[in-house]
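Q: Line order of the protein sequences matches chains A and B.
Each residue of the first sequence is one higher than the one before, counting from 1 in the working numbering.
Each residue of the second sequence is one higher than the one before, counting from 1 in the working numbering.
Be aware that one or more of the hints could be misleading.
In this list, chains with the same sequence are indistinguishable; a pair is considered to hold if it fits within one copy or across any two.
What the hints assert, rightly or not - DSS-like cross-link-like pairs, simulated, lysine-lysine; straight-line CA separation at most 27 Å:
| no. | residue 1 | residue 2 |
| --- | --- | --- |
| 1 | Lys324 | Lys300 |
| 2 | Lys354 | Lys107 |
| 3 | Lys225 | Lys90 |
| 4 | Lys350 | Lys107 |
| 5 | Lys350 | Lys300 |
In short, the hints are calculated from the structure, not lab data.
There are 2 protein chains.
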Amino acid sequence: MNDVGMGSIRTIQYDPFPRIEYEGRVERARRLMKEHAIDAVLATCEHNLRYFIGEPSTTPQQTTRPRFLLILSSGNPVAVVPEGIDQFYKDTTWVKNCRSWPSPNPKDEGVSALAGVLRELLPEDAKIGVELGAESRLGFPAGDFLRAADAIKPRTFVDASDPIFTPLRMVKSPLEVGRIRTVCGLVSDAFEGLATKLRLGMTEREACRQFEFECFSRGVEKTSKIVGVSGRGGYTRPYGVPTDKILSDGDVLFIDAGCLFDFYWSDFDRHFAFGAPDPHTQDAYQVVWDATEAGIAAAKPGIPICDVWSAMSAVLNGSNNRGKATNIGRMGHSMGLWMPELPSVQPDDKTILKPGMIINIEPSTSYPSYFDGLPKLMLHEEVVVVTETGSQLLTSRAPRKMPVVAI
Amino acid sequence: MNDVGMGSIRTIQYDPFPRIEYEGRVERARRLMKEHAIDAVLATCEHNLRYFIGEPSTTPQQTTRPRFLLILSSGNPVAVVPEGIDQFYKDTTWVKNCRSWPSPNPKDEGVSALAGVLRELLPEDAKIGVELGAESRLGFPAGDFLRAADAIKPRTFVDASDPIFTPLRMVKSPLEVGRIRTVCGLVSDAFEGLATKLRLGMTEREACRQFEFECFSRGVEKTSKIVGVSGRGGYTRPYGVPTDKILSDGDVLFIDAGCLFDFYWSDFDRHFAFGAPDPHTQDAYQVVWDATEAGIAAAKPGIPICDVWSAMSAVLNGSNNRGKATNIGRMGHSMGLWMPELPSVQPDDKTILKPGMIINIEPSTSYPSYFDGLPKLMLHEEVVVVTETGSQLLTSRAPRKMPVVAI
Numbered sequence: 001m002n003d004v005g006m007g008s009i010r011t012i013q014y015d016p017f018p019r020i021e022y023e024g025r026v027e028r029a030r031r032l033m034k035e036h037a038i039d040a041v042l043a044t045c046e047h048n049l050r051y052f053i054g055e056p057s058t059t060p061q062q063t064t065r066p067r068f069l070l071i072l073s074s075g076n077p078v079a080v081v082p083e084g085i086d087q088f089y090k091d092t093t094w095v096k097n098c099r100s101w102p103s104p105n106p107k108d109e110g111v112s113a114l115a116g117v118l119r120e121l122l123p124e125d126a127k128i129g130v131e132l133g134a135e136s137r138l139g140f141p142a143g144d145f146l147r148a149a150d151a152i153k154p155r156t157f158v159d160a161s162d163p164i165f166t167p168l169r170m171v172k173s174p175l176e177v178g179r180i181r182t183v184c185g186l187v188s189d190a191f192e193g194l195a196t197k198l199r200l201g202m203t204e205r206e207a208c209r210q211f212e213f214e215c216f217s218r219g220v221e222k223t224s225k226i227v228g229v230s231g232r233g234g235y236t237r238p239y240g241v242p243t244d245k246i247l248s249d250g251d252v253l254f255i256d257a258g259c260l261f262d263f264y265w266s267d268f269d270r271h272f273a274f275g276a277p278d279p280h281t282q283d284a285y286q287v288v289w290d291a292t293e294a295g296i297a298a299a300k301p302g303i304p305i306c307d308v309w310s311a312m313s314a315v316l317n318g319s320n321n322r323g324k325a326t327n328i329g330r331m332g333h334s335m336g337l338w339m340p341e342l343p344s345v346q347p348d349d350k351t352i353l354k355p356g357m358i359i360n361i362e363p364s365t366s367y368p369s370y371f372d373g374l375p376k377l378m379l380h381e382e383v384v385v386v387t388e389t390g391s392q393l394l395t396s397r398a399p400r401k402m403p404v405v406a407i
Numbered sequence: 001m002n003d004v005g006m007g008s009i010r011t012i013q014y015d016p017f018p019r020i021e022y023e024g025r026v027e028r029a030r031r032l033m034k035e036h037a038i039d040a041v042l043a044t045c046e047h048n049l050r051y052f053i054g055e056p057s058t059t060p061q062q063t064t065r066p067r068f069l070l071i072l073s074s075g076n077p078v079a080v081v082p083e084g085i086d087q088f089y090k091d092t093t094w095v096k097n098c099r100s101w102p103s104p105n106p107k108d109e110g111v112s113a114l115a116g117v118l119r120e121l122l123p124e125d126a127k128i129g130v131e132l133g134a135e136s137r138l139g140f141p142a143g144d145f146l147r148a149a150d151a152i153k154p155r156t157f158v159d160a161s162d163p164i165f166t167p168l169r170m171v172k173s174p175l176e177v178g179r180i181r182t183v184c185g186l187v188s189d190a191f192e193g194l195a196t197k198l199r200l201g202m203t204e205r206e207a208c209r210q211f212e213f214e215c216f217s218r219g220v221e222k223t224s225k226i227v228g229v230s231g232r233g234g235y236t237r238p239y240g241v242p243t244d245k246i247l248s249d250g251d252v253l254f255i256d257a258g259c260l261f262d263f264y265w266s267d268f269d270r271h272f273a274f275g276a277p278d279p280h281t282q283d284a285y286q287v288v289w290d291a292t293e294a295g296i297a298a299a300k301p302g303i304p305i306c307d308v309w310s311a312m313s314a315v316l317n318g319s320n321n322r323g324k325a326t327n328i329g330r331m332g333h334s335m336g337l338w339m340p341e342l343p344s345v346q347p348d349d350k351t352i353l354k355p356g357m358i359i360n361i362e363p364s365t366s367y368p369s370y371f372d373g374l375p376k377l378m379l380h381e382e383v384v385v386v387t388e389t390g391s392q393l394l395t396s397r398a399p400r401k402m403p404v405v406a407i
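All chains should be modelled from the sequences, with the hints used to inform the complete structure.
A: Written out as structure tokens, the structure reads:
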């Protein structure tokens, strides 16, 4: 990576992943295919295509011109793509075997082309894995999926998300960890920069836009998911677009940032107090900071991810917490080419942690407002990578005390 | 709208849409439901939810916590959403009737909850419309869709995209046109600002990041889809992430920008020559500029959209074009809460233009490079809204001559 100055906008140069990176991913997919008796994998959603070939498009979802990538038991991947995209792929990815159809054609947007290729290349008893399982999305219309399933009979579509895509993408390569480390670092710096720019009287939207600028100017490529919520004596939920609400004395501002660098995500939050925070908020911050510390310490290879949950839960349910552990359903998740990714930091998720896994450590507590006793939320997040011996923080640890915007 | 200065980052305030806007959309959906004998509509994908209730989340796709919105033949919409999202919806949208399930739960991510609600509220012979048709995406896993279809039998899922969502969303309300006008105007200004910032020796990525900054600082919220390609004597395709390629004398830079304001999209491109453009590129620019002019003039209510295609095609195939009309499949499309949206500017799309439709006018030509004779692409775009009497440009018209970056 090289930095290139350009006024206030820093652009971080980086090399594209080498072909061997993608070949390794395909090879590992094949091992899982064999293990699960799946004859071929059909990747259709944008992040699965990106995983295998570094899909070079910038449209978030290719609704008009869907793309299909077929991974057989041997040989290089075969792309079935709209006319024009075939040459684009040949020029910019390692996929050289492309079939195409004239597109856009809403009446037959690749269904016949795809079914033709599957019939040609796969025997009649073939099981073809596609995105059907937990937290998956197909990259083409469900109606077209049903038509394709009919047109390839007696071949069948089976789920490839749970047996292949999810476990495969769960363990990141060193190059992938590098990208996530980069974006986590940039966003950490942006949060620190923001602390010096926040002012009483700004709106939530202004504060969040200033934060996005801090990210962008440092080299972050996209600030795709920005949650900004605030409230006197605390906030009540970790969701929502920032509004034109003015930030006033006593407010706590929570910003949760999902940001991208070379299509890899970071996801973590930070807090800012407008004026000295009230004692309940201070205590909740401290308890959740301690729970985060316990979660970071617990994350290591060989243990089930639910143990990370238990370590945080013990702190949250300990005697020095005025509130209680909240049930927002989990206390963390993975991320990579998508956010969130599985596994989840949940009591019933027994996924064994392995080196290269990315986990966000995300404990939360509910506590009574100092002002009116109504429930408030305190939710922290840090991102770690599991190493051979433990875990390593990819974010700059949140400060022990909530940063205060002078009033 | 109000402008609020904040150093170099402008934040444009705006009022959220009033409830009556959403009620009207539901009412128009019901008319189409009746016409097509569909008993209920189930919206699951993010932009359909946003259309009916102003979905207030910021995650691009809710893969972990899917949401379902049910529109029945009468009464207010019913949301079936993860626990926590129910209160979020009640606090921030006009939906007050929410059912929920404990989430995340990858083993049953709302399928039982959704099927239970459909069985409870709809008779056994009910046809339930969901996103299955052209250019649609489901907002939950296809495997869960199949499970839900099984669990609601004898009720059936049918397509709602082609008969309901697409025609409904095709005609924008004045408030929607206002949002699109805003973002098209901001991005137009950003392109003009960029022209003064480009320098020989910048990379494609630096140029695109400068452009994104120009957008963001003026009030654009997201620069979600940025294509940046360049080449000596012209470019060859309208797709691709910008690279670290250095912009040199003779290069033409093409930037195609999909940007957002309050979740509404703009989509159009602009060109920049590094040094005086070669004569072939100049001529191609002029022909496509003229074709765009013809497309804008042709767009008016009451005509089929294919007539807009014909008007542009006539110019591109005219005697003053060294190249030929390209076949990138269409010469425009609509946009709104998603980009692209149907209809397409294609010879076989007979959709009748109506006031409130947004069309991007997107002619292109292929021409031989002045330097080596190899084919180059020239593709222009402007965005118009169809009015009662004709159409109105929402973008600032591209300059007649390609802006030149001094060398």
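Q: Each hint should be assessed against the structure and marked as holding or not.
A: Here is how each hint holds up against the structure:
1. Lys324 <-> Lys300: For Lys324 and Lys300, the Cα distance is within 27 Å only inside one copy (26 Å; across copies 61 Å).
2. Lys354 <-> Lys107: The answer is between: 23 Å across copies meets 27 Å, while 46 Å in one copy does not.
3. Lys225 <-> Lys90: between (32 Å within a copy, 22 Å between copies)
4. Lys350 <-> Lys107: between (44 Å within a copy, 13 Å between copies)
5. Lys350 <-> Lys300: Intra 14 Å, inter 60 Å, cutoff 27 Å: intra-copy only.
Hint compliance for this structure: no hint is broken.
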